[in-house]
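Input sequences plus hints: build the corresponding full structure.
Residue numbers (my numbering): -10 to 593.
Treat the hints as calculated values from the structure; they're not laboratory data.
Treat each hint with caution, since some may be false.
Claimed, not checked - For lysine-lysine, the following DSBU-like pairs were computed, each having C-alpha atoms within a straight-line distance of at most 30 angstroms:
1. 55 with 316
2. 316 with 124
3. 242 with 124
4. 242 with 267
5. 39 with 55
6. 516 with 578
As the list claims (entries may be wrong) - What follows is a set of in silico ranges between Cβ atoms, one per label pair, in the way DEER data are often shown:
7. 18 with 85: 15 to 23 angstroms
8. 199 with 27: 43 to 51 angstroms
9. 411 with 373: 42 to 50 angstroms
10. 266 with 527: 49 to 57 angstroms
11. 229 with 51: 33 to 41 angstroms
12. 108 with 45: 23 to 31 angstroms
13. 303 with 86: 41 to 49 angstroms
14. 199 with 367: 29 to 37 angstroms
15. 504 with 527: 24 to 32 angstroms
16. 19 with 230: 39 to 47 angstroms
17. 323 with 450: 30 to 38 angstroms
18. 141 with 305: 44 to 52 angstroms
19. 229 with 158: 33 to 41 angstroms
As the structure is a prediction and not an experimental result, all values here were calculated from the model.
We put the CB at the ideal spot given by N, CA and C, even for glycine.
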Amino acid sequence: MRWIVFCFMVSLHWVSFGQNNTESPLCIDFPQASTLPDTSRQTVQTFLAKQYPATQYGQFVLTNVKNSPIGQHYTWQQLAAQTPIYQQFIKINISHSGQILSVMRQCQAISNANIIQEEIDTNLARRYIAAQQAKCSQPIDFETQKMLYWDNNALVSGLWLRYGSLSSEIEAAEVLLNNKGQIIDLVSLHEKKHAQHITADPPHPTKDSTVTLAIFRPDPLCTAQVSYGTPYKDNNDADCPELTAQRMMVSAKVLYRNDSFLLASPFCKIKEFDAPEKPVCFSLTPDFVYTRSNDNFEQVNAYYHVNQYQMHVQELGFNNLVNRPIKVDANALNGADQSMYSGFSDALYFGEGGVDDAEDADNIWHEYTHAVSRDAAPNTNTGTERQTIEEANADFMAASYSASVSSFGTGEVFNWDGHNEFWAGRSVSGTRTYSQRVGQKYADAEIWSSPLMLIRALIGRDASEKLLLTSMFSYAPSLQMRDAANLFLQANTLLRGGADSLAIRQIFANRKILPVVTSVRNCAELKSYFQLEQNQTSLFCLKDMGTVQLSLHTLTGQTLWENSWRSQAESRFILPQNNSQAAGLYVLKLQTAEGLAACWKVLR
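Here is the structure:
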């Protein structure tokens, strides 16, 4: 690919170089029958050395190990001449029984490479950081390391920096410089909702107390079941009776110290670390009850939802995903209509432009998902499609939570913050396919998030979220949607014995993420492609089955009605209602032109 790079000199300007291959294509293998005697580091290292011998690939050093409900996940950094090679790695995912689930490789043989070891001017980092510091009022922390990178067929010396600040005045990033100080690659450490001096932490909470909080759950539009518009408008953060009435009073635990109640828990600390400077909320009584015109309301709302997310993740069986007090500034980003998670400072930032972002639970759940993803698969969110999946997963987790507390607006995300005069929000109910992607992570997110919502409707919230979070442990840089779908199905096989796998695969196939399942072999398969929706008033079709016959019968076999239905993928048949029909149990039958049949029990 052609890289556009930035030249750091006294006068800053853009320059273009030729072909710089800083990353290789991601190769993924799903071995069918490869099992190791155990899952120890030594055993995995022996397997790695056998498959990728040092004479061809150089050395590998272990950089990360993660445990998930399905196994262990090892990431190894490739070295040449005892120096790390930029973004070159092998990730091995292994089940608890030792089965190799997948091997992800973004590296190449170095045996014939011309390795150009050059001295790197140590002042390059200082000059680069000095330029960033000029834009930031708070101190910048950074670390550096010499690395090699591919330039055509040669490995040449470069300098890797990781830098950032709690202040959002600069973009925390990882950057690779060549020996002239020119930027070869730059990866942001800020995950945002859309395109667009540090105080010491208090001691870990040792005493907590239950208090009352006033919050939105998930937002005032969903609870009022109305669309954005007068009187349900931001109106520059002004209170109005209709919005105030949508608050909910909930109980939560906070830290009690020095006769004050503080918004701090083992999972969340509300802090002030980014402009505009707003006092951190505390109370002398066990009540944090404010209206939205008070900046404290956003702090309270963010605190509640961060804690709810973490407790929910632990209920799903994950104790190693952001199980720590993450820092949150609910009045941040200098008034921008933006939110973000910073992987550098491990902090959440919520802006106040338009609708205050921390008033909408979708923003909070979305940004916290970025932190969850970083814990599951550190340093993997690079590559446009991988970043699209990241945004889509965050949208899905936000929409899934909202759908668990309100049935209104479940096809949209950021219902209150977006879909208004400030910005367009996003959808999780789109119909676009993989072939219709435009190469922009926010615009393409619905291609992945929408099928996830259909899977949620099929197997339920907890099951779909657990499969997604489990599959995320196996993610790697440059991952594509087809890879993520296969990892999702792999998690389903290991955690649910493959239940609903045909239907899940078909949902991905409908969006052209996976190949289409061409035929239906038996009645069980046929039934898996149809879903009797929870209210039992409609039948949802996942696969185009042509014209089918539907009929409703009593338990004694009497036919009450018959209908023909052209069953297209993701279409819905509304079951006829008869108010004079006696209450009881009935049988809904579906039959194809080939004679395959499926039945459901229906309660009327």
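Given hint residue 316 paired with residue 55 - CA-CA distance at most 30 angstroms:
OK: residue 55 and residue 316 at ~23 angstroms, within 30 angstroms.
Is residue 39 within 30 angstroms of residue 55, Cα to Cα?
Holds. Residue 39 to residue 55 sits at ~22 angstroms (cutoff 30 angstroms).
Please check whether residue 108 and residue 45 have a Cβ separation lying inside 23 to 31 angstroms.
28 angstroms, holds
Just to be careful, I want the Cα atoms of residue 242 and residue 124 compared with a cutoff of 30 angstroms; is the pair within it?
Distance of about 39 angstroms is beyond 30 angstroms: violated.
Given the hinted pair residue 316 and residue 124, is their Cα-Cα distance within 30 angstroms?
Judged against 30 angstroms, a Cα distance of about 23 angstroms means the pair holds.
Range hint compliance [Cβ, residue 18 to residue 85, 15 to 23 angstroms]:
Distance hint for residue 18, residue 85 holds at roughly 20 angstroms.
At the C-beta level, are residue 323 and residue 450 separated by a distance inside 30 to 38 angstroms?
36 angstroms, holds
For the hint 42 to 50 angstroms, verify it against the beta carbon of residue 411 and that of residue 373.
Given a distance of about 26 angstroms, which is not inside 42 to 50 angstroms, the answer is violated.
Holds or violated: residue 242 and residue 267, Cα atoms, limit 30 angstroms.
Holds. Residue 242 to residue 267 sits at ~23 angstroms (cutoff 30 angstroms).
Verdict for residue 303, residue 86 (Cβ pair) under range 41 to 49 angstroms
Since the Cβ atoms of residue 303 and residue 86 sit about 25 angstroms apart, the hinted range of 41 to 49 angstroms is violated.
Range agreement (Cβ of residue 367 with Cβ of residue 199, hint 29 to 37 angstroms)
35 angstroms, holds
Range hint 44 to 52 angstroms: satisfied by the CB atoms of residue 141 and residue 305?
47 angstroms, holds
Of the numbered hints given earlier, the model fails hints 3, 9, 11, 13, 16; all others are met.
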